[in-house]
Amino acid sequence: MSEPGNQPIGRGGSVMRLRGLIRKEFLQIVRDPSSMAIAFLMPAILLFLFGYGVSLDAKHIPIALIVDDKSEIAENFASELGGSDYFRPQRFLNMAQAQQQMMQGKVQAIVRLREDFSRQIAEGSQAAVQVIVNGIDANYGRLVLGYIQGAWAKWLEHTAQMHGQAIAGPVNIEHRIWFNAEVQSRNYLVPGLIALIMTLIGALLTAMVMAREWERGTLEALLVTPARVGEVLVSKLAAYYLLGVGGMLLSVGMAVFLFGVPLRGSFAVLFAASSLFLLAALGMGLLISTVTRNQFVAGQTAIIVTYLPAFLLSGFIFDIASMPWLVRGITHVVAARYFVAILQTVFLAGDIWSVILPNAAALAAMAAILLFLVRVKSSKRLE
Amino acid sequence: MEVSAKSLEHPQAVVFETVSKSFKKAASAVAALHEVSFSVAPGSITGLIGPDAAGKSTLMRLATGLLVPDSGTITVLGHDAVAEPLQIQTRVGYMPQRFGLYEDLTTQENLDLYADLQGVRPEDRPPRYDELMRMTGLGDFRKRLAGRLSGGMKQKLGLACTLVRYPELLVLDEPTVGVDPLSRRELWNIVYQLVREQQMTVLLSTAYLDEAENCDHIVMLYEGRVLGQGTPADFKKKVEGRTYAARIEGNDSKRSLQEKISRAAGVVDAVIQGDSIRLLTDKTHPQTTFDFEIQPILPRFEDSFIDMLSGLKTDETTAPVPDWSDTIKKKPDLHKPVIHVQNLSRRFGDFYAVKDISFEVYPGEIFGLLGANGAGKSTTFRMLCGLLPVSSGTLYVAGADLRHAAAAARLRIGYMSQKFSLYGDLSVRQNLNFYSSAYGLQGKIQAERIEWALEEFGLHSMADDNSITLPLGFRQRLSMACAVMHHPDILFLDEPTSGVDPLARRHFWSRINTLAEQNVTIMVTTHFMEEAEYCNRLAIMAAGQILTIGTPKEIRLQAADREHPDPTIEQAFIRLIEREESQRRTA
Amino acid sequence: MHIFLHNIRALVTKEFLAVLRDPKSRIVLIVPPIVQLLVFGYAITFDLNRVPLAVYDENPSQASRELIALFTGSPNFHKVASIDRQEQIAELIDRKDALMVVHIGSSFTRDLLLSKPASVQIILDGRNSNTALIALNYAQSIVSRFNDAWRQTHQLAGPPARLETRAWFNPNLESRWFMIPGIAGLLTLVVTMTVTALSVAREREQGTFDQLLMTPLRPVEILLGKTLPGFIIGLIEGTFIFAVTVLWFKIPLRGHLLTLYTGLSLFLLSSVGVGLMISSLSATMQQGLLGAFLFLVPAITLSGFTTPIVNMPVWLQYLTLLNPMRYFMVVIRSTFLEGAAFGSLVHQFWPMGVIGLVCMSAAGWLFRNRLY
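Chains as they are written, first to last, in the working numbering: chain A, 561 to 943; chain B, 104 to 690; chain C, 469 to 840.
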C-alpha cells in the first residue's frame, strides 16, 4: 500500500504501544485531582499527623493530687511528681472533686496521700499511697501507671539516699531498648506509615482504574486494537508503579529529613523492598478491579481488603505475635505485614539480611501470584 | 496494491456461517443471534439493518473477536474469529456504539494513543493527522479535552481514532447516533472516500435508513435472525408500485391528515414528507381507491423496511391512545405563551454557548429546536429546565423560572435528557416505579400508569432487566415513558429518537401528536430532519444563536432557490447552516 | 405531609435498590464488617501475649532459676531460647526471634545473698517502641513480685511506703475493652462514608442527577432520601456490632441503651452529612471515593481510637474538634465501660449534631449550585 502511515511497525510495535498506553495513564493521573491528592497530598497529611501529632508517648499527663497530710515528707513527694516532665498535677482538696474530674476525662489518674502518711513512715509500718488510674484506655492507663511507679521509685531512692541507706529492692532492672533508645514512637510509626501510604497508591487507586475503563466503555475500543491484554496491564502497572515510587520517595524524604527518623540500613534495600511491595499492592488492586468491573464495589473492596488490614494487621501498631493463632494466620496473606517488618528493620536496625530476605521472598511470592491471577482473569473478550 | 492482493486470496472479507449466540440472563438463556449466515464482499459497504434489539451489536462484537459464538463459524479477513482474534484485531478498525474516547485526554492525545496502539510510524503521522483533521473538521479542537467536545465531534473523533491506520475492514456500530445532518454527511463522505480510494471493506449498522440506501449490500436482522439480504434495489423492488404521495389540501393540518391516512384500510405506513403525505399500501390493496388524491412515487428502502417489519412487530402496534383529559384541568389560553425566552445568554468563560436568543412557545405547540452539534440546543434546554443558571436574559416556563420556582412547578414538566439518564442498576419496572412516585403518583393510578407505559412502549418482555443492559432504542423508550407518565403540560424532549428504529419512531411521533392535540406543549430537538416536519414551528440554531424561526414550510421556502425550488427540510437545514457559516467566514 | 412521606419512601427505596440490587455490592456491605469485627476484635490489642523471650543466665543458681520461672510461667512471655554467649543476644534480637532478652549476670546471686542491690539486665527490641515499653512493664511487675517474695522469705525490710494501685472501669487493664467499642465506631464510619460518598457522585457521573432535579422532589426530600439509607445501614451495622461486643466479647455495657443510640444516631447523622457533602462536591465516583478517603484516614487517626488525643500537640487537639468520630469514641467508651449518664455526655452530643446539620445544608445547597 502506497498510503503513508498504513504500514504497521513490526518489531517496535509493542514498545510503541506500551509507550502510548503509559503516556495515557500518566495524562489521566495528572488531570484527575483526586488521584494526585491520594498520591501526594495524602502521604503528606499522614506523615504530618504521625510525625508531629499522633504519639503513643505521653507527656504532661494531667493527674489529680490529693495531699491530706501536711508534713514535709508528703510535700516532698508531691514536688517530685510535679518536677517530672511526665505529669501535670492538679491539687484537689477531697476525693469527690478528683473523682468528678476523672469521670469527665480531665485527669487520667488520682494520687492520694492520706493524713497518716508521714506517721506511718515514721513508725516503719508501710505507708500506702493510693493510686487510681482511668482504665478505659487500658494501654494509656498502663503507661500512666508505669510513669507513676517510676516517679515513685525515684522518690524512694532520693529519700533513702538522704537517710544514707540503700533502699533499692533486692533485684533491680537495668533495661536497654535497642534501636530506639529514646523510645520515640515516631521512629517506628513513620516508617510503618510508608506501608500504609503505598497501599493507598498501589491498591486503592489501581482498584478504581480498570473498573473505570469497564464502566465508561473505553476498554471495548481498546480491545479491538493490536494491543495485547498484557500490554494494557503492564502500562497500568508501570504508571502506578512510578506514582508509588514518587510517594515512597516523598515519604522517606520527609521521614529522614523532617522528622529525623534514622535510616540505618541502605537506601537500595529500602527501594528494592518497596518495589516488591508495590508490585504486590498493584497486583491486588488490579485483581480487585478486573474481577469487580464496578467502581463502587472495587473501591469498597480495596478499602476493606487492603487498607484496613495494612493499618491493623500488619504489625504497624499492633503486635502480631500477640494475636490469636487464627488472626496470626490471616496476617500471613497481608502483604503489608512483610513490608512493615522490612521497613522497621531497615530504618531502625540496619540491613539485617535474616529479616529482610524471608520477608522479601514472601513479598515476591505474593506479587507473582497476584499478577499471575490478574493475567489469567483478564481476557480480550467482553464476557 | 497490497490490500486488494490480500483480498483476492480470500474472496469474502467476512463470513458468518450458522452463527448462534445466547446470553445467560437470570436462569434462562436468551438467544441474541440464531443461525445467522451472511458474507461481506471485499471493498463493499454492508449494512446491518434491523429494529432495536435485533442483535446488531452482538454480531459486530462477534466479528471483532470480543465475544465467542455458541455455535457456527466466523471468518474475518481469512482468520477464524475464535482461534485468532488478535490477527483480526490488528487488521480491523472497530468503532463501538459508545466509542471509548478518554475524556480527560485532548483530541490530539487520543489520536496519539491510537496511533501508538496501531503502530503508525512517527514519520507517517503528521500527514495522516492533517488528513484526518481535514476530513473531520476537528483541526481547531486539537487541544480541547475530548470530554468537552459536543456529541457529534466525539463521534467524528472516534472515527478518526479508528482510522489512524487505515484498516482493511472497518466495523461501525451506529456511528451517527446523535450526530447532526451536516456532520453526518461529512462522516459518510469520509467513509465513502475510504471505500473508493482504499478499497476498504465496511460493515456498519444504522438506524438512519437513508444511510442504508447507500450500502452495497444489506442484511436485515430481526430478533436475531436474518430476515433477508440483498442490494437496496432488491428490497425496493418488493414494494414497487405501492408507494404514493397524497397532497395536503385546504385547512387540514398535515398531522391530522397523516393520522387519518395511516388509519385508512390498506395503508401500511404514512409519513409527512414536505407538503405531502407519503404512503405505502398493502400488498393486497395495490389499487385501492382512497377518498383522497394520490400520486405514485418512487419507493425508498425505508418503505420496504416498514413493509417487512410491520407485519412482524406486534408488541406495540395496538397501543391505546392515551387519554390525558384528567390532567389538563382547564383549557389553557392558547394565545398566552407557556414558554417565554428573552435575550437569553449563557457564557462559559469567554465562550458563549448560547447568545442572546428569544422565542415563545404556545400551548399545544410542537416546537422544534434544530442545529448542528454544539450549536447550544442542550444548553438552552438545561437553562429552560432550571438545571443551569443563566448568564443574562429572562425566561419563564409555565409562568415561572424553574431554577427558583417551587418544586410543584416541576410537576407540570416532563424532561427527557439527551444522554441516557435513568438508573442503570435498576430494572425497567423499578425505574418506572421510582419516577412515577417522584411525580406524586400512587396507589391504583400509579399501577395503571406503569402498566400503560410497559404496554405502550413495548417494554413488557424486559420489565425486569436492568435498564443499562437494554439496547439503545429501548433505553430511549424507557426514558420517554418516565418523562410522560405523570401527564405533564410541558414536555422537553432532547433528541428523544436518537438510535431508535424507524418503526418505534413512528409510534413515538404518533404519541407526541396525540399529546399536542390535548394541548400539551412539546419542545423537542432532533437530528432526524424528516421529524422536523411534525413540528408546528422550528428554530434553527447555530453557534449559540437562532438563525431563523418559522413553520417547516417557511423554512423550506427560505432555503429555496433556482437550483432547488422545492428542497426537503434536510436540504434546507444544511443550506441555511452553510450560508451562515460562509457569511461568518467572510465577515 | 402524606405526599412528603410518599416521596421519601420512593427515594429511599430507590437508593436501597441502587446499593443492594447488585449482588456484589450486597456482599461488600454485609460480609466484611462481620469478618472484620471478629478479626480486628482479636487483633487490635496492646496487650502482649507470648512475647518471645530469651534467657541468658551466666551463673545459674536457685535464685536465678526462681526469677526465670516467674518469667516463663507468665502468659505474657514465651521462652524461645536459652543462650550462653553475649553475641547470641544480638543474633536473636536482630532476627526478631526474641523481643526481649533477660540477662542475669555472674554476680547476681552473690549480690543478692549479700543484700547488695542485684541487677538484671533486660534488652528489648525497640523497633516497635510501644511494644517494647509494654514488655518492659510486664518485666518490672514480675521482678517486683520476685522482690516481695524474696523479702518475705529473708525477712528483709520493705521500702517505707508502697503504692496501692487500682484501675477504674477496667480493673485488669485489658485493652480489648477499650478497642472493641472503638471498632464499632470505625466500622460504622467506614461503611456509611463509602455508601454516602458515592451516592450523589454516582448520579452525577451517570447523568441521573439532572433527571432527579427535574422532578417535583424538593432538595430537602432528596437530601433525606440520600441520608436515610446510609443512616439505616449504619444503624443496623452498629446494632450488630454492639450485640457482638456484649455477647461474644463479653464486654460490659454499663450505660443506658438510650444514651448509646443517641450517640450512634448523632454520629451517623454527622458522618452521613460529611459523606454527602464530599459526594456533592465530586463530579465522578472516583473523586467521591477518594475524597471520602481523604477525610476518613485523618478522621480515624485523630479520633483517639488508637492513640489518646491528650498526647497530641495542642493545635492538633483543636483540629480534632471538627472530627465527629472523636466525640463518638468518648460516647461509646464511656457508655460501655463507665456507664456514663446521658446528661454527662451532652457536650459530646451537640457537636456531632452541629457537624451533621452544617454538612447536610452544604450538601443540599451544592445539589443545585455546584460549579459547572
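FYI, nobody ran anything at the bench for these hints, they're computed from the structure. A hint or two may mislead.
DSS-like cross-link-like pairs, simulated, lysine-lysine; straight-line CA separation at most 25 Å [claimed, not checked]: (1) C/K492 <-> A/K714; (2) B/K458 <-> A/K937; (3) C/K492 <-> A/K937; (4) A/K940 <-> C/K492; (5) A/K940 <-> B/K127; (6) A/K714 <-> A/K619.
Tested hints:
Between the alpha carbons of C/K492 and A/K714 the distance comes to roughly 61 Å, so the proposed pair goes past 25 Å and is violated. Between B/K458 and A/K937 the CA atoms are separated by roughly 52 Å; this puts the pair beyond 25 Å, and the hint is violated. For the hint pairing C/K492 with A/K937, the CA-to-CA distance comes to about 17 Å; that is within 25 Å, so the pair holds. Pair hint A/K940 plus C/K492 holds up; C-alpha atoms about 23 Å apart against a cutoff of 25 Å.
The straight-line distance between the Cα atoms of A/K940 and B/K127 is roughly 19 Å, inside the 25 Å bound, and the hint therefore holds. Distance check on the hinted pair: A/K714 and A/K619 sit about 18 Å apart at the alpha-carbon level, within 25 Å; holds.
Checked against the numbered hints listed earlier, the structure breaks hints 1, 2; every other hint is satisfied.
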